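Can you build the whole structure from these sequences, using the hints too?
Numbering of the sequence shown is given in our numbering, commencing with residue 1 and proceeding in unit increments.
I should point out that these hints are in silico values taken from the structure, not numbers from a laboratory.
These figures come from a predicted structure and were not determined experimentally.
It is possible that some hints are incorrect.
Calculated cross-link-like contacts (lysine to aspartate or glutamate; reagent style EDC-like; alpha-carbon spacing at most 20 Å) [stated by the list, open to error]:
hint: 1; residue 1: 189; residue 2: 148
hint: 2; residue 1: 189; residue 2: 149
hint: 3; residue 1: 189; residue 2: 199
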Amino acid sequence: MANGHAAGARSHVAWGVVTDQPVSELLQRAAEGDRVAWRSIVDRYHRLVWSVIRGYRLDSSAAEDVFQTVWQRLIENCGRIRDPERLPGWLATTTRNEALRVLRHQKRQIPSEFEYDVADRLAGSVDDSLVESETQRAALVAFGRLPDDAQVLLRLFCSDPPLDYQTISELSGRPVGSLGPTRARILDKLRTLIDEEMEGRAR
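See below:
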């Protein structure tokens with residue numbers, strides 16, 4: 001059944017599956033081998049998975065591998081997810097972990113001569129970009145300290161191409177009217193976390 005599910009994930013764009021069934025019911029049916037339920041889940045959340053993958057700037061082949069692996073992980077675990085309503089956060093976390101795994105593997109494949117060459121060519125600009133790099137690293141660490149559902153919401157707002165509020169509402173499980181205020185609160189929290197990171201690095 002897993003092969004059939006994975007094949008379904010590859011053809012997600014053509015399905016056009018529309019369902020208003022609760023995700024808990026879809027997960028249960030998918031765990032029992034219901035292909036329609038499985039396709040409905042992938043159709044509902046594939047944009048979320050891609051929005052996370054794009055943040056890691058993988059090449060197209062690696063990105064597709066991560067996409068497939070995420071859905072394979074869900075196939076293996078869809079009957080064991082304790083809180084189905086938090087599925088977006090589970091998917092975002094799993095996608096992030098798989099993308100990082102691929103990046104670590106790619107780094108191990110880079111010849112040392114290439115690494116030295118890149119370092120030599122970039123050496124002259126290191127001092128100029130140091131402050132910006134430190135800020136970016138602090139922002140990444142701070143982002144990782146946010147709750148999974150907050151990370152999911154910010155990623156959806158940063159999707160390329162942009163998603164409309166109704167789509168973000170469906171993917172995040174939040175009412176449309178709450179999206180703006182919730183995003184503002186999360187951004188305030190993120191700014192606070194970035195400031196904390198920067199202060200810690202300055203000590």
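Verification of the hints:
1. 189 to 148: Distance of about 14 Å is within 20 Å: holds.
2. 189 to 149: holds (13 Å)
3. 189 to 199: holds (15 Å)
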